[in-house]
Structures are given as C-alpha cells and as structure tokens.
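Undergrad: Each chain is listed here by its residues.
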Amino acid sequence: MGGLTPKYVLRRVGMWLLTIWLGATIIFVIPRLAPGDPVAAMVSRLTAQSGYVENSAQMIEAWRARFGLDGPWYVQYYNYLRSVLTLDLGFSLASFPSRVDEMIAQALPWTLGLLTIAVIISFFVGNLVGALMAWRRTPGWIRAFLPATLTFTSIPFFMLGILLIYLFAFGLRWFPPSGAYGRGLEIGFNWPFIKSVIYYGTLPAISIVVTSMGFWALGMRGMMITNDGEDYMILAEAKGLAPQRVFWSYGVRNSILPQVTALALSLGGIAGGSTLVEYIFAYPGMGYLLYLGIVNTDYTLIQGIVFILIAGTSTAVLLLDLLYPLIDPRITYSKG
Amino acid sequence: MTVSATHTVGDLESSAKNRNVVLDIRNLKVYYATPTGNVRAVDDVSFQVYESEIIGLVGESGCGKTTTAMAILRLVQPPGRITGGQILLDGTDLASLHGQALRDVRWNQMALIPQGAMNSLNPVMKINRQIADAIEAHEGRQPAKELKERIINLLATVGLPSRVYGMYPHELSGGMKQRACIAMAIALHPSLVIADEPTSALDVVVQRVVGETLLDVKERLGVSMIVIGHDMGLMAQLVDRLAVMYAGRMVEIAPVETVFHEPLHPYTQLLIESIPSIKQRKPLKLTEGLTHDLRNPPPGCIFQLRCPHVTDICREVNPPLRELRSRHFVACHLYE
Ligand SMILES: Nc1ncnc2c1ncn2[C@@H]1O[C@H](COP(=O)(O)OP(=O)(O)OP(=O)(O)O)[C@@H](O)[C@H]1O
Ligand SMILES: [Mg+2]
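Chains as they are written, first to last, in this note's numbering: chain A, 117 to 452; chain B, 3 to 338.
Keep in mind the hints are simulated off the structure, nothing from the lab. No false leads were mixed into what you were given.
Here are the simulated SDA-like cross-link-like pairs (lysine to any residue), alpha carbons at most 25 Å apart as the crow flies:
1. B:K150 with A:P445
2. B:K128 with A:T377
3. A:K123 with B:Y170
4. B:K147 with B:I188
5. B:K150 with A:I443
Here chain A stands alone, though its shape is the one from the complex:
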C-alpha cells in the first residue's frame, strides 16, 4: 500500500487544472468561431428581438473594453483567462448590467442545497432497495413491496413533478407549488427561514429522489447478483457469519464500489442544476438560471453556467481520485 504520495496528488491536481483550462478555452473559442464580431452579433440579435436596445452603443463599448476585442487574440485570451481565474464571468447580455458571477452566486446555493440532499438520499435509499432486492435472505414481505418503489422510475421527471404539485400543492395544500422560501422572511441562518426552505424544498426533492432512485437500485441489484456468485461470498457463509455481516461487509461493501464512481459524477453535475425540476417548481437555482439563459439567448450567462459545470465535474473527479483508494485498496496511489 502506497500512501497518498505528493507525486500522485500533484499529478491529479495537474489533470484537474488541465481539464478546467481546456473547458475554459473551448468556451472562449466557440463564440469567436462565429463569423463577424461576436459582441456586435449578439447586440444586433438582441435588437432584432426587442426592436430597440437601450444604451446599445454603450453596451458594445463596454464589451469591447471588457474583452479588449480590438486587441490581438492572444491578448484577448490572456485577459479572458485572468478574469476566469478570478471567477469574474462578465456581464449578462440579457439583463445588463447584472453580472453573471453575481447571478450564479445567488442561484448556486439553492441548487447545491436541494440537489446534494436529494442525490444523497436517492443514493442511499436506491442502493439499499437494490441490495435487498438481490439478497436471498430478504424477508418475503419486504421483497414483495420493493419493486413497487421502482415503478416511479419509469415516470418522466416532469410528469411526476406536475403530479406532485397537483396532488400536494393544489389538492391537499400540504406544500407550496413553487419558490424556494416564504415571502418576507429574512434570508439567513435563522430557524423560520430554514424551516421555510425545507418546506418549499420537499416536493422538488421528492420528485428527484423518487425518479432517480431506480437508477441506483437497478445498478446495485445487478452488482449484488454478480457479487453473490463470488467465492468469497460462499466462504463468508461457510465461516458461519451472521447473515447481516455477510450482507453488509461482504455483499454491499463490494457491490457499492462502482456506484460510488457514479455518485461522484452526479454530484459533480449538480452544479448545472436540474433544469426541469427547477423550472416546474420555479426554484431559483442553477437549472432555472440556465433555462432563463437559453430562453433569452443570454450567451454570457450560458457560458458562465457551463464553466461552473465543468469546474464542478472536474473537481468531483479530482476528489474521487484522491479518495477512491481509501474505499478500494486494490486501486493504489502509485499506479495510474
């Protein structure tokens, strides 16, 4: 067993920086591949949309100055990279003079809060359901009711969302149909606000958990069944271990390994938000912001969100690379 060597960490961090740099570069290059001046093109598109844009000359001026578009490409590129490094993502095209970084900073906590909790609940419940479905000793009554928990997986996300709103918001009036917290509350770390956030977040979270649980459950079930044929499972039983011990330490412990990789990737993708769920529940997160960006052809906003998504995913992969050897001793820090 090699420990976490400085060389390994350096290499992984290097890979991480490389990914983010590549992502940022692609975001830089794509608008410039479009024919003509990107800023003029965007502004004229805006003009075409709304007939007249206030301060359009000033806006073109501001953008020119902002990106130094008159300068040669390497100066532009240098300035761009420097601002990205300081998380300065520029102005929003659609809601100028709002800044993209500020808009994202407002939306990100909502998405992170809602989706992290929902994904983690879904991961644990889904894997448990899958493992119990595959286990030979699962009591009959549990076995009979498990598949029912997965029927919702086949319902599309947004359908379930609409169904939940109809039933629990308009019908039973248990939960609010949209938003993230009650009006007139002071945003901050106080109990009425937290309570309200949980209250507003319940329906969106349920729709995510219920529809994504099946993904984990089916994967886990398959892994458990494959794992059950392994010799060490037979030997564990031959040792006379308690069934629970065999289930957790020999069955689940080995079957969960590939699931953890998938979990890291989906946690990384969280930064992009869940557009459909957030749209349906008018939840002010990244997904809703992305929706607004697309509807308003707000390129700078979309670019900013894509950059955050790339950064989030590559950070998750970095953390996975650093932590995975802890859960699977066969992956050593020295190799790969």
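Once you've looked at the hints, dock chain B with the ligands against the given chain A.
TA: Just chain B with the ligands now, with coordinates in the frame of chain A:
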C-alpha cells in the same frame, strides 16, 4: 516447514482400523433442478472420514466432487438441493440443521479451503479482519491484543510472515493466499477441513509447499481432511485413503498405496494408467469425458458405456459399493 515422514502401508492399516469416525456420509443425493430434468450430481454416495486422516476425492471434471463438499458444508447453491441421505459429523446430522444451529457448526467443526482460493478472500478486507471475522462470529468479541497474537500465530503455523497480518488479498501471491485460507480454516480447530483443489492454479513448487503445509497442519492439529483434486501426484504425497468418483457415484475407496498398485475398478485402472510419466510416453487411454447425460443415467452400472469389461449384468444392475478386501471398497460386477 517440517515435512512429515511418509507412512508405510502396514502402519496405515493398523492405525486406521481403530480410529473414530468423524464424518459419516450415508446415501447422499444432491440434484440440480434444470428445465430438462434433475442433474444427479451426487447420487447415493456413502463414505466415512476417520479421525486425523486425509482422504482424497478424485474423479474427472464434473463428476460431483465440489457438489459433495458443498453438501457437507450445507452450501449447495440453488438450483441444487440435497434430496436425500445423512451427513453425520461427530454424530450430528448436518442435513437436518438450520439457521443458528447450522451457523454454529460451520467453521467450529468443519472448515473449507475453497476451490480457486484466489478469489475466496474478500478483496476489500485485510487478512487479519477476515480471520478475525471467523473467530468473533463464534467466540464473540475478543480483546484486540490477544486476537492479534492469535492471528499472527495462525499465520506462522502455515509459514506466513507476520506482515501478512495487515495486508490485503491482492498484495499476496497465489500460494500465500492459499496458505492464508488454510490459516483461516484452522482458526477454530475444526474436526474436519475440506480442501477443494487446494493447489490448482499454482506452479509446481508452490503446489508442493501448499501440500506440505496441509500435511504439517494435519500432523500438528490432528484434524481430518477431505482433499479434492485431479493431481494424482499430489494425492500420492498427501492422502491416506483415496475415494474415486465417477458421474456422481463412488466407485472405489481404498488406502492410497492400494489404489496406485492394485486398482480394482476399471475406471480407476484407466485413471492410474493415464497418469503421465516423464520416463515413458503412453497413449492416453481415457480419450473422452462422460458419455451419458447426468440427467438420464442408464440403468445398471454408471461406467458401462466406457468400460472395457462390460457384460450383460452391467447394463441391468447397478453394482453396490462393497468391501472386497480389508478396507478396499469397489462398486463393480467383475469381482462377484
Ligand atoms: N447450477 C447448476 N445447475 C445444473 N447443473 C449443475 C450446476 N452446478 C453443477 N452442476 C452439475 O453438477 C455436476 C457436478 O459438478 P461439480 O462442480 O460438483 O463437479 P466437480 O467434480 O467439482 O468438477 P471439477 O473437477 O471441474 O471442479 C456437473 O455435471 C455439473 O454440470
Ligand atoms: Mg469442483
């Protein structure tokens, strides 16, 4: 490592006579249910294992050796099922045990060194934990210091250095893994150890070392062993008596020297003749495998389709296993 002295035939005969029977198998039947009928993997098999003897179980691939071993451990995997017979271990019928009573007998009284020990260790658990698991499942939680000492002693017994204690299975060579399995098998001083092809997939030198480890362990602890294998050379080195299986039935049981020098059953004769020799190239007598379907054995003797001495009675009556000479059992009509 000590190499035990080889026994003389006379020595064996006199000592085995008065020994206690540890395992008494009577009319054991194990069938695998398939859509096209039952596969009679073990069909009416009876034999005894005496105190501190090693009995070898040989026969071609698919003749039911592993199934017999798994039946003794009550670990026959579905769709297999013990459909008849008794398995008396120290007087208790294992075939009638269930749940906790069965788990108590496992490893305490009988342990397994599985076929393909390569994959028999849990890949994400250190060796010490896997051995400790077996100990604590039966003796409850142990003081850490004594447990460690005990495990290191066990490892030393099979010739493994104490650094193996904190290692993961993938850090061990094939031979070391196999010896770790032997250490685990003797952790609770069982009266019976079943080793299923303990040396297959190992190189010849390591095969010898593992074989000697088994002998050494038997000498020191006085456990009885059933050793399953194809390698007649290893059998000659290791076992006291040899049991020959063919197509789910026991065809001959005798002291190992007798089997090598005067095999009585035509199948055993072919088996002995086809042992390759470096000094002399022989044509292979046994050219093909099973000639009948195990789902549909012909009436009469199981070996009739390949037997060079087949007569009419062989096609009608199944010859019972009889003690033809002292301690030499054969199931064949030739000797009536
Ligand atoms: N799950 C199963 N379903 C149907 N038949 C099976 C199953 N498992 C084993 N068998 C049959 O039972 C018979 C005995 O198998 P077993 O594994 O005991 O043989 P073996 O003597 O250990 O062979 P080997 O030397 O190759 O390990 C074989 O003919 C095999 O085809
Ligand atoms: Mg076998």
